[in-house]
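Visitor: Sequence:
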Amino acid sequence: MNPSKDVAALLGRMLLALIFVVSGFGKIGNFAATAGELAGKGLPLPEVGVVLAIAVELGGGLMLVFGWKARWAALALAVFTIVASIFFHNFWMMSGEEVLTNQIMFFKNLAMIGGMLMVWAFGPGRYSVDRGAGAAWGGPTHADASPAR
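In this text, residue positions in the sequence shown follow numbering that gives the first Met the number 0: the first is 0, and each later residue adds one.
Treat the hints loosely; a few may be bogus.
[To be verified] Derived lysine-lysine pairs resembling DSS-like cross-links, with alpha carbons at most 25 Å apart: (1) 26 - 40; (2) 107 - 40; (3) 26 - 107.
[As the list claims (entries may be wrong)] Simulated DEER-style distance windows between Cβ atoms: (4) 41 - 78: 16 to 22 Å; (5) 61 - 102: 28 to 34 Å; (6) 116 - 28: 26 to 32 Å; (7) 39 - 110: 24 to 30 Å; (8) 3 - 87: 35 to 41 Å; (9) 116 - 22: 18 to 24 Å; (10) 28 - 102: 27 to 33 Å; (11) 29 - 104: 16 to 22 Å; (12) 1 - 30: 27 to 33 Å; (13) 87 - 17: 17 to 23 Å.
I should point out that these hints are in silico values taken from the structure, not numbers from a laboratory.
Backbone N, C-alpha and C fix where the C-beta goes; we use that ideal spot for every residue, glycine too.
Work the whole structure out from these sequences, hints included.
Guide: Structure representation (structure tokens):
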């Protein structure tokens, strides 16, 4: 075991999750405006969409922070980010000044998706609820929580 890699995995999870937790809380405070944005994109049932976005961003983000079912949380956040990128940062359908900003946002989202796929592939690392759950009951830890070697 390498303590610096364990700490890096924890910090990486927390930093990946931060944008989702902040965004999820922001949607709670700006529910109507967020629903309006979804409606403006032609998405059906915008209020339901906002509730789902809050659940995925806030719920999945907190699950990632604590490392509880972290692989599933990372996968859900990756899929969510793919969908959000296609609907909200589709720079290939834009013109003018909005192209560059949305192209940057799109590729930033691809980088976050890459980070989420790393968590999905290698697990949350040593400092996580997933890793400690089995040990707390005297059994083995979850195989999917073992740190990358």
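Visitor: If you check each hint against the structure, which ones fail?
Guide: 12
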